[in-house]
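Q: Construct all of the structure, not just a fragment, from the sequences and the given hints.
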Amino acid sequence: DTGVSQDPRHKITKRGQNVTFRCDPISEHNRLYWYRQTLGQGPEFLTYFQNEAQLEKSRLLSDRFSAERPKGSFSTLEIQRTEQGDSAMYLCASSLRQGINEQFFGPGTRLTVL
Amino acid sequence: AQKVTQAQTEISVVEKEDVTLDCVYETRDTTYYLFWYKQPPSGELVFLIRRNSFDEQNEISGRYSWNFQKSTSSFNFTITASQVVDSAVYFCAFREAGNMLTFGGGTRLMVKP
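Quick mapping for you: the protein sequence lines, in order, are chains Z and S.
Going by this note's numbering, the first sequence opens with residue 1, and the numbers climb by one from there.
Going by this note's numbering, the second sequence opens with residue 1, and the numbers climb by one from there.
It is worth saying that the hints were derived from the structure and are not from the lab.
Among the hints, erroneous ones may be present.
[To be verified] Simulated crosslink set (DSBU-like; lysine-lysine; CA at most 35 Å straight-line):
id, chain 1, residue 1, chain 2, residue 2
1, Z, Lys57, S, Lys38
2, Z, Lys11, Z, Lys57
3, S, Lys38, Z, Lys11
A: Below, the structure is given as structure tokens:
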């Protein structure tokens with residue numbers, strides 16, 4: 001039983017560079033979520049997909065952030081022109097569509113912007 | 001306004017002690033869902049429990065138990081006979097009609113041998 005996977009696990013980049021993260025949800029899950037977690041805080045919602053449709057976006061998702069889920073399977077989160085404030089753990093979660101189901105989280109991608 | 005409050009930022013206990021982690025939420029909705037997640041040092045959030053607003057029955061799972069009280073808007077989590085492996089950050093989370101989870105700030109539990 002494969003859980004949610006994320007790649008890379010760690011990313012160090014220089015300010016101003018673009019970065020892209022990938023999330024592979026649990027195979028039968030058609031809902032996919034991105035969250036951001038800064039040190040000492042709880043995760044904060046960024047965006048949510050149902051299949052390939054991006055249905056909700058947080059105000060935290062500035063225009064430098066873009067997320068896609070082109071075929072309704074894996075998803076990518078891109079941050080353009082990274083800033084030091086983007087340093088955080090980026091978490092992906094997935095859940096089943098039917099009913100209210102718990103979200104299962106991946107191990108996260110830790111981003112450090114120098 | 002923050003919807004989920006975990007007032008205890010850090011708790012330290014000695015192994016075998018019981019410990020209760022508090023969670024208070026705010027909502028005007030009648031339908032909502034509450035969750036607890038564990039985040040061990042490895043970083044991955046682990047789902048522990050989900051409750052909906054219509055089910056106030058307390059739940060016990062091994063050494064874990066949860067007390068949901070709508071009258072006080074609380075959903076507290078108790079670990080009985082704590083173990084070192086219980087050391088982690090525990091998050092309470094809340095979900096209304098939308099799909100996103102709103103997390104509390106977390107409680108860091110340290111269980112010392």
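Q: Does each hint fit the structure? Answer for all of them.
A: Consistency of the hints with the structure:
In summary, the hint linking lysine 57 of chain Z to lysine 38 of chain S is supported, as the alpha carbons are separated by about 25 Å, within the 35 Å threshold. Taking the CA atoms of lysine 11 of chain Z and lysine 57 of chain Z, the gap is near 24 Å; set against the 35 Å cutoff, the hint holds. With a CA separation close to 24 Å, the supplied pair lysine 38 of chain S and lysine 11 of chain Z stays within the 35 Å bound.
Comparing the model with each numbered hint stated earlier shows that all of them hold.
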